[in-house]
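Please model the entire structure based on the sequences and the hints provided.
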Amino acid sequence: MTGFGDRILGLGLMVLAVAYGWVAQQWPEPFGGAETVGPETFPTILAVVLVAGGIYLMIKPDPDAQWPLGKSALELVVSLLVLVVYAMLLEPLGFVISTTLAVGALSWRMGANPRSAFVTGLISAVVVFVLFNYGLSLNLPAGLMEVH
Amino acid sequence: METLGFLMDGFAVALTPYNLMFALFGAFAGTLIGCMPGLGPANGVAILIPLAFTLGLPPETAMILLTSVYAGAMYGGRISSILLNIPGDEPAMMTCLDGYPMARKGRAADALAISAIASFSGGLIGTVGLIMLAPVLAKFALSFGPAEYFALFLLAFATLGGITGKNPMKTVIAATLGIMISTVGIDISTGTQRYTFGVLELYEGIDFILAIVGLFAISELLFFVESRMGHGREKVSVGKLTLSFRELVSTIPTQLRGGVLGFISGVLPGAGASLGSFISYTLEKQVLGRKGRFGEGDIRGVVAPEAGNNGASSGALVPMLTLGVPGSGTTAVLLAMLISLNITPGPLMFTQNADIVWGVIAALLIGNVLLLLLNIPLVGVFVRLLSVPPMYLLPIVTMVAFVGIYSISNSTFDLYFMVAFGIAGYFLRKLEIPVVPIILGLLLGPEMEKNLGHALVLSDGDWSILWASTLAKSFWLVAGLSLVLPYLVGPLLRRRMNAAMKESPVSD
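So the sequences go chain by chain: A and B.
Per full-length UniProt numbering, the first sequence runs over residues 1 to 148.
Per full-length UniProt numbering, the second sequence runs over residues 1 to 508.
One or more of the hints may lead you astray.
As the list claims (entries may be wrong) - Quick partial rundown of chain B residues pointing at chain A, CB under 8 Å, derived from the structure:
hint: 1; residue: Met180
hint: 2; residue: Thr398
hint: 3; residue: Val419
Don't read these hints as lab results, they were simulated from the structure.
Since the structure is predicted, the reported quantities are computational estimates derived from the model, not experimental observations.
We treat Cβ as the ideally placed atom computed from N, Cα and C, and that holds for glycine.
Structure below.
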């Protein structure tokens, strides 16, 4: 079936819109009595618009995009994992080490040979760290390399 | 005359060594960003916003930096169009038509030089237009009431897709999603907690800067990973400059026409820089007719679109500065910067923050001169950087985005949020939901709600006030038209643009 992506998106948007609109109706009336425009008015309008948009997409979907399968999809997941792990390790490991690993891993997965990838990572990490910490006096986490 | 005085004050702001340094840096960085395929101007400005923040730049300096990047990116877009036949950004598409054939004939250096000059005169014409038009429009906009503003915001969303846009309904959906995200947090007027689910980090709402960086930069990285374009392209040689003075003079009429047309299409909502360069190229072809050899490396075929798109980029600043309603992705990102600097864009900015507005305008003029000076001698440097493969470049750009976001709040929570926005951006872009309306929705959502509230308080709850005045009516009408027109005119225009692309003999 063509337009599968858009139909699912349309359905998802509709569910989102209904949930969003329903939550808006649950808020207590603000202190001082209800006005014409309360906190729920605008969200309610938005929910209605989005429901309409979702229905439209389900009735008239565009042709499907080319979705990555197999290896490309795996590469995408790997890159995302690298980003998440980077965010996780930034503070405990410190900026230089985690950045070397993250930039190196990303450029390696994008096709560079591992050695030049990690060298690029190390150089860019050191340059940015020095620039930020000494040039601009902003504190990036030093982590393991912290001098006590 | 009043304007001239303000402009002089603006120069006084922009010409301080500190600001000049940032203008120069911005122009250089912007050109780099523009010439790398996949890193458009909106993207570049978005990544630099957190940096401008963490540096603690004063507002006028931050704005000067970002507008210089913006102008620089418009210059940079042409480099890869000419050398590689791949537009660095969308508006530079038309430059491929004659620029690449010129490069193939061994006149790459000439094409680069003349397009830099054309960019300069386009930018100059656009900025002069901005200086003349903006104060007038700002004065006019002072008469807008809340109902007019509400309708104007709708108009901005409706026209954002542009008349060449594919599916206006998707623009509407994107804008709605953006506004919905903007409602998260504590409601300003009543103090009600909306969609916070008790999460402390959500009380202040979602910071649009991390949304912007996630939606642009992170999703771009994902697209690159998917398309495996990591290896970049072979190196191109530029050759010697053989441009004669006579040739340069012969293109002056083309430069003027291109610049003016570009400016007009930049100001008009929904037209934008891409259409600006397209229109000026087509007009040039019509005017010169058989006399030109368009598509085979005619020098005027390089001049027209470049003058057009740089004129348009200055023109696009007019609605952003005077009404607070940006007409393009990049100006939306600039607006984000203004809002986060606590400056309310719109007509009042011209009186309350005159130094910033005029400083920025003066910086545009200075930036154009700097860019011309940078672009002619340094073109070799940019070309060399063009051959840095994205597999090294994009991870570094992503890292800079991480650093920028992290240094705003020093919390990793924001980083996860940014990655989440990146994933969402990837899926939405895959499904052809444009990201720019989401960002505009995030920015304008609170203003829209505030104006709706004010209008209804004024009318005592009568909803018809929203379309009571003639001005508001006409905004609604144009908004409606721009949602309907793409269905009627869009396919035709797109076909013509594609046809123009195919006519070029080297469309590989």
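Results for each hint:
| no. | hint | result |
| --- | --- | --- |
| 1 | Met180 | 5 Å, holds |
| 2 | Thr398 | 7 Å, holds |
| 3 | Val419 | 5 Å, holds |
In the structure shown, no violation is registered for any of the earlier numbered hints.
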